[in-house]
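**Q** Here's the letter readout for the chains.
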Amino acid sequence: MLDTQISPRDGASRLGQTERDDTLLARNSRMASGATIIMRVRRQENGSIRYDTFDVPYRKWMRVLDALNWIAENAATDLAYRWICGSKMCGTCAVRMNGREILACWEAVEPEMTIEPLRNLPVIRDLVVDRAPFENKVARLEPWIERSNAYVGFPEPLSHKQMKDASKALDCIGCMCCYSACPVIGLGDLTDFAGPAPLVQLGQTALDPRNSSAKVARSLALTGIFNCVSCYKCEEVCPAAIPIVSRVIEPLKAKAAQLVPEMAGHARALRRIVAARGRVDPGALVLSVQGLRALTRLPRIVRLFLRGKINPLRTLFGTKTAAAEPARRLLGREASQ
Amino acid sequence: MKFAYYPGCSARSTCAELNVATHRVAERLGLDLLQLESATCTGARELRAIDPAGFYTLNVRILALAEREKLPLMTICNTCTLNLLDAHAAFVSDEKLAQAVNEKLAEENLKYSGRTRISHFLWVLYENIGEARLRELVTNPLTGLTVAAFYGCHITRPPLRYGFVDSRNNVALERLAEILGCRPIDYNGRTECCGFHTAAHDEKVAIKLTGQHILSAKTGGAHAMVTPCPLCHTVLDGFQHEIAKDLGQELDVPILHLPQLVGLALGLSPEELNLDRHVIAAATVAAHAVRKDGAMNAAE
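For the record, the sequence lines run as chains X and U. Just so we're aligned, residue 1 is where the first sequence starts under our numbering, counting upward by one. Just so we're aligned, residue 338 is where the second sequence starts under our numbering, counting upward by one.
Isolated chain U, as found in the complex:
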């Protein structure tokens, strides 16, 4: 099963471990990833607001790169996923826009005709691998590991577009966690916002928003939180010291990228998944799982 693969900017900078883990896990899952090296940023939230024409052009170009390879496109970032979905939707519904974008793309012999299917890694697990196959592939069930799923926004909202259900009903991550052998917890904040999109100019919003979410996960007994979005990860992990200071409480909750959690259950080691690259130590997360012989790991 082959995909054009778009890691986005975060997975190539502040969350480089996500890119590494995704490649390793893809190999185990039998996914052949063709990384789109010349793909640009999708523009985060900023470009779409201040330069819609530029936003559509960059995103449609990424879709055209995948279409040229005749491959579906796999993403690993919520915001990139939504940007690409939005650009695709605008492209197929606005002929003038489509024509204008394609004229720009023609300079490098690219053309988009609206055929690229965009799928986040989480959806690929369900739609392309399937729950049954995934269960077969789990060689190291993470029994005993309690996780709090943090969805982020742009993989579950805006509502009623792209088949997104009302976010309070979203159970995709919890169900996946169970398949991997973990125990998912219910807690306040699972579909709340991390505040990343104002963090570069006003980080106090992100710090205030996420404190209660992490605390709620910790109070609920989570050994770790797992997120399908590197932007959420950047705040939850990278800012956690400041968040804890602001709360006046110790947090120390490891934050896993989704492919890292999957990778652990598929038998990959914490080192192979770059779990040692997190600000909040995450390499010992797997120690919470009961070993196959039934004994608890020494670190427990």
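Looking at chain X on its own, in the form it has when it is part of the complex:
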């Protein structure tokens, strides 16, 4: 079989990288030893915020962490930032460079950079954030294994296949890049969504087949996982390259749908509609999920109706489409899931 989708395509989906010189090679070649890097760093102490600009001399293969170290040694000895290992293991040096979450130890410098602390966590000082909100969330999710069966002794019969999703989650270095990039977490208390980083921590054990279903259900019920908007921003910034949406959040959603079905009402309604009609009728979906609450959106309903965007008759009675029969056959009734 041919995998015709994988790059190189003819170029359309790759437009941009070369135009913006954004390969590591291109970045490094833009600077020569001794060149000056202009580095703006967000400073914060006791609620006062300012941006300090530093001229940092470029050294070959310089990383953001090297530049921060240079500043701390030569220009601002009171600069607060965290790092331990310097080799993409400890996950403590995450910051934002020009608006994007990075590990300072693993990112090449750019000629002009603005360095800021991670978002969505309180700043203690300068680039150091308070990890407590994340840690409290993780603790609340009880990310450990409770066996429903007795321990069978070593080695346990556990296959790679059974652990395929949990093992991805186990690559997490807890750097919080995804937590900072998540737009739903950025909305604060608007939803009960736990966020990508806590879900990855939970996935390490909730996706482990040895964990008891009752325990996993208890944890999942606290996650608000169906408020994930599937934007993949978490994956885009994950320095450990964990497929957070497809290999952690979606398998956890599947577990939630199975163990805590009331959490997945929206997803189950969509499946029911597709199974019956072949396609989604947006009116039917909203009615099914929101019930009479949908009528509180009356002004919008009228607007959409006037523009011919919704069709109440089609919503209520359905229309026969060529897609309905195959969908019914392939998805069947909900009970057959």
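Hints listed in this document are in silico derivations from the structure and should not be mistaken for laboratory results. Treat each hint with caution, since some may be false.
Computed footprint of chain X on chain U; a stretch qualifies when at least three of its residues, placed anywhere within it, have a C-beta under 8 angstroms from a C-beta of chain X [unchecked claim]:
hint: 1; stretch: 345-353
hint: 2; stretch: 382-389
hint: 3; stretch: 392-398
hint: 4; stretch: 438-452
hint: 5; stretch: 501-511
hint: 6; stretch: 525-537
Derived EDC-like pairs (lysine to aspartate or glutamate); straight-line CA-CA distance at most 16 angstroms [to be verified]:
hint: 7; chain 1: X; residue 1: 88; chain 2: X; residue 2: 66
hint: 8; chain 1: X; residue 1: 164; chain 2: U; residue 2: 431
hint: 9; chain 1: X; residue 1: 161; chain 2: X; residue 2: 208
hint: 10; chain 1: U; residue 1: 545; chain 2: X; residue 2: 192
hint: 11; chain 1: X; residue 1: 161; chain 2: U; residue 2: 432
hint: 12; chain 1: U; residue 1: 541; chain 2: X; residue 2: 192
Keep in mind the model is a prediction, meaning the values are calculated, not measured. C-beta atoms are modelled at their ideal positions from N, C-alpha and C, and glycine is treated no differently.
Using the hints, position chain U against chain X.
**A** Quick look at chain U alone, frame taken from chain X:
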């Protein structure tokens, strides 16, 4: 140039104008579209999470329908595109899955062998029409029209799969806008999320997420926003009154489907492109463009 064409559910319901515009523009571009009438929904984000087997079956069936016609598949929805790409990738890498799906498809004499090339309309413009030909086809350059490109998520993420570049580098829409004669703006939110996938059960997420994006586009001087995804369009256009109310600011930013912007530059009229079917009035967007004789349109 012939394509099997998969419009998806939105373009056949809340965004029916997108389907109309796509057909009209395809004609101008010389694309022959064979609409797959029996193709089902790709399952949005929900089916893939709660019923992966059903998700793969529905998507591979769509790919098999295109393969039976020996045609590449053109999509016009970001999420459908990613669903189909994901299903294809799973199919070609998992023999057992491929066999199980094909057994189900055999009931209607369908079989997929992994040969369907999936391409979003935006990629078709670059890969099949080409920039040079597109420039030749632009009969009504939209000079003076300032647009803010809103990519949505699933045409540019997940990263490092299917050749997607880091989304902050994606310039495909801006470059296209320039070809059409528009001036694209840089603004916060061009590759941000519209929140559609939680909108049916909790629309406040979508409303909160998109307010700043639209405001940023407006503040940056955009006459309109353009998106390659009908799901983003549904939020940006259909929810814009609620978004403006939540922000406490007037927005009134027309949101164009990508084929509509292309169509205007190819000389199609706003009526032909169904620009009058939007919640936020969009029919006068073209008036911002300078007419060929150099005068500004009266509506400016």
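**Q** State for each hint whether it applies.
**A** Taking the hints in turn, this is what the structure says about them:
no.	hint	result
1	345-353	holds (count 7)
2	382-389	holds (count 8)
3	392-398	holds (count 3)
4	438-452	holds (count 6)
5	501-511	holds (count 9)
6	525-537	holds (count 7)
7	X/88 / X/66	14 angstroms, holds
8	X/164 / U/431	14 angstroms, holds
9	X/161 / X/208	11 angstroms, holds
10	U/545 / X/192	15 angstroms, holds
11	X/161 / U/432	15 angstroms, holds
12	U/541 / X/192	13 angstroms, holds
Comparing the model with each earlier hint shows no violations; every hint is respected.
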